[in-house]
Amino acid sequence: MSFRLTPLQRRSIFLCLMAAPAAIHVAVFALYPILRGMGFSLFQMNLMQPWIHHFVGLRNYTDALTDPTVRRSLVVTIIFTVGCVAAELVCGLCLALLLWRDSAFNRFATTLMLVPITVTPIVVGLIFRALLDPSFGLIGYWLLQAGLAPPQGLLGDTHTALATMMGIDVWEWTPLVALILLAALKALPADILDAAEIDGAGGTRRLTRIILPMLLPSLFLVLALRFTDVFRTYDIVFAATAGGPGDSTNLLMLLAAKEGLTFFDIGYGSAISILMTLCIVLMVALLIVTLRSLDRRMNQA
Amino acid sequence: MKRRTLLATGIGTAAAMTWSRRGWSQSKPFDGMTLRLACVNDQYSPGIKTLAERFKQESGVTILVDILGYGELQTKITTDYVGHTKGYDLATTDNVWAPQLAEAGYTVTLNDWMKHDAEEMKLDDIYPVLFPALGNYDGKQVAFPLAGYANVLAYRKDLYKAANLQPPATMQALVSAAYKLTDKSRNQYGWVANGQKGAACAQDWMQYLAEVGGVLVQDGKPTLDAAPNVKSLTTYRDLFQKAAPPGAVNWDWDGREASFRNGLAANMQTWSVGALGYFDPTQSKVTETAALMVTPTATGMKPRYGIGGWGIAINADIEDRRKEAAWAYIKWITSPEIHKALNLLNAGSFLRKSEIHDPQLNQKYPFLPVIDESFTHGDPDFRPRVPQYPQIQDILGTAVNSALVGASSPQDALSAAQTQALRYF
Numbered sequence: 001m002s003f004r005l006t007p008l009q010r011r012s013i014f015l016c017l018m019a020a021p022a023a024i025h026v027a028v029f030a031l032y033p034i035l036r037g038m039g040f041s042l043f044q045m046n047l048m049q050p051w052i053h054h055f056v057g058l059r060n061y062t063d064a065l066t067d068p069t070v071r072r073s074l075v076v077t078i079i080f081t082v083g084c085v086a087a088e089l090v091c092g093l094c095l096a097l098l099l100w101r102d103s104a105f106n107r108f109a110t111t112l113m114l115v116p117i118t119v120t121p122i123v124v125g126l127i128f129r130a131l132l133d134p135s136f137g138l139i140g141y142w143l144l145q146a147g148l149a150p151p152q153g154l155l156g157d158t159h160t161a162l163a164t165m166m167g168i169d170v171w172e173w174t175p176l177v178a179l180i181l182l183a184a185l186k187a188l189p190a191d192i193l194d195a196a197e198i199d200g201a202g203g204t205r206r207l208t209r210i211i212l213p214m215l216l217p218s219l220f221l222v223l224a225l226r227f228t229d230v231f232r233t234y235d236i237v238f239a240a241t242a243g244g245p246g247d248s249t250n251l252l253m254l255l256a257a258k259e260g261l262t263f264f265d266i267g268y269g270s271a272i273s274i275l276m277t278l279c280i281v282l283m284v285a286l287l288i289v290t291l292r293s294l295d296r297r298m299n300q301a
Numbered sequence: 001m002k003r004r005t006l007l008a009t010g011i012g013t014a015a016a017m018t019w020s021r022r023g024w025s026q027s028k029p030f031d032g033m034t035l036r037l038a039c040v041n042d043q044y045s046p047g048i049k050t051l052a053e054r055f056k057q058e059s060g061v062t063i064l065v066d067i068l069g070y071g072e073l074q075t076k077i078t079t080d081y082v083g084h085t086k087g088y089d090l091a092t093t094d095n096v097w098a099p100q101l102a103e104a105g106y107t108v109t110l111n112d113w114m115k116h117d118a119e120e121m122k123l124d125d126i127y128p129v130l131f132p133a134l135g136n137y138d139g140k141q142v143a144f145p146l147a148g149y150a151n152v153l154a155y156r157k158d159l160y161k162a163a164n165l166q167p168p169a170t171m172q173a174l175v176s177a178a179y180k181l182t183d184k185s186r187n188q189y190g191w192v193a194n195g196q197k198g199a200a201c202a203q204d205w206m207q208y209l210a211e212v213g214g215v216l217v218q219d220g221k222p223t224l225d226a227a228p229n230v231k232s233l234t235t236y237r238d239l240f241q242k243a244a245p246p247g248a249v250n251w252d253w254d255g256r257e258a259s260f261r262n263g264l265a266a267n268m269q270t271w272s273v274g275a276l277g278y279f280d281p282t283q284s285k286v287t288e289t290a291a292l293m294v295t296p297t298a299t300g301m302k303p304r305y306g307i308g309g310w311g312i313a314i315n316a317d318i319e320d321r322r323k324e325a326a327w328a329y330i331k332w333i334t335s336p337e338i339h340k341a342l343n344l345l346n347a348g349s350f351l352r353k354s355e356i357h358d359p360q361l362n363q364k365y366p367f368l369p370v371i372d373e374s375f376t377h378g379d380p381d382f383r384p385r386v387p388q389y390p391q392i393q394d395i396l397g398t399a400v401n402s403a404l405v406g407a408s409s410p411q412d413a414l415s416a417a418q419t420q421a422l423r424y425f
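Protein chains in written order, with this note's numbering: chain S, 1 to 301; chain R, 1 to 425.
There could be a bad hint or two in this list.
[Stated by the list, open to error] A short, non-exhaustive set of chain S residues, derived as facing chain R with CB atoms under 8 Å: (1) G153; (2) A195; (3) F263.
I should point out that these hints are in silico values taken from the structure, not numbers from a laboratory. Cβ atoms here follow ideal geometry from the backbone N, Cα and C, with glycine treated the same way.
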């Protein structure tokens, strides 16, 4: 008795084998740590107190949700995320449109634009911290002399620190958004755009009726990437302000890292991390729903 | 006769060689062993690395020195201890980690070994305050003192002289001098300290608080919002707002030190380990005008000079023979001769009375009498030595910074901190 596989079965096995490395990678490096984290979050567990290790159910979650520091951090993180992503999207789209036409200058500008992305975020944080220092900083000193910064500098005042950190993040990551959208713009079918121009559609009309609807998949990619990335921001803020002044730039990721890596409170730190993951999942789900409905509406129009 | 002499010489030489080789191998009981040391990136770390070669020559033991940042060191050794992975045999440990290390039993308790080798190690030559300060909790010596730092006041003698002021003998005089020496029109400020949220501002305020008599933990309970603490934070905030350079609320150790070395600030409380830099023209603009003195305390108060620094601990998980080798290394690196050699390599980290009184070291470090006085009357508990210290430091790091930037009043900031701290006791 011998097995003979049908072509369909052979194809299925081939596809499974091809997908296996990626599936194993995701299972080992993404799924397993998340599941372990979920498990840890149900225990009272501190590495520096190994004798205390017991199941507490959802207590770490209820503690986190009622902790005023976590709540403040959640609000700061949401403001930071929404502000950064919105600014990066608008600036990135503008830059991409400006650089769309193929010319020597635009090619040169696109190359230059890559510079901020290549710098490690922690270095970006340190550079801006030095630049904006009101006593020693090249920018901070003159801003203070000109009366354009508060006495303790832009990063030392609770009213300006978060906005400044958002500005730094936008400076670093807008080029990435612009590059993705530029690539998408360059891939748009020229005949449709030409036809619209011949039909007399103005620049704004072409942008809102043709270009943006066709850019929706790329916009989704950019938004999903940036929302998940910005929500998990750590190093740039850690280096520039360490979460201060007060709690004004104390992002959730800083809080989770401190609980886990400074206090070694793995249970509580994991609970905050899982809550963050849920927030990200929720945001991306909302994004998908919004973009789908937008897509439907545009197609109907 | 000649041949007989030659023969005798030959036999004698061979015997001597045999004996000496036997003696040599006996003095190298761990020959060929390799120990891994996790060492914080601090002033003494390059010296530790340099001297590892000498230890290899003398003992046959290779010390692989892994120099790590503070946070990285803490994370790496903790995960090593928790996972029992035996990645490091030895680790430098911050003095504030001792309570947690002692409670968890992650490092070897050294009391018996110290008792056994007290004479050989000349333990009575080490300042007594350094034992509790750099690795002891509840009687357990979980790390041996490696690098002792004294909290000192660095000040500008030219500015004091110009203002016709004496160096401050009390904390009240220091505060008053800080205001008098502030002249914003000349970009001159009377005071600087760490203001950045987190460990930076918490540690500097704790030192200031100790000098005015404040207490953070009493009878095993936090007292963060006690009236003297609130009063001290109010004065401290005022100093920051009226006498500190712009941006100081976001400075950690680097910013604070840079402001003093650049001549921006007239007074700064700091750790003695960095003091050598003030007199080095490649790093400092105040080489001729900087001076050090013991930290002043409030009028009528007994001195409470802050003691900090690093201990060196042995991983409790490693095999006994490796523990013995690690202990041999600790004895060697903290011995009078080698520790002096470490300080000649710019470590600025002192342990022994013999070092403090050594003429060669006094020439290199002209401020050693200040360290002598600080170590003699030092306070190992100016930062509470309790297992909850990391949490207290973090909570205070936010509270003090909030008060400094005006986001909360000192009373509100410390009350909120007290509520948070109670969760951990």
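Here's how the hints hold up against the structure:
1. G153: G153 of chain S check passes; min Cβ-Cβ to chain R is 4 Å, inside 8 Å.
2. A195: violated (56 Å)
3. F263: holds (6 Å)
The structure fails hint 2 only (numbered hints given earlier).
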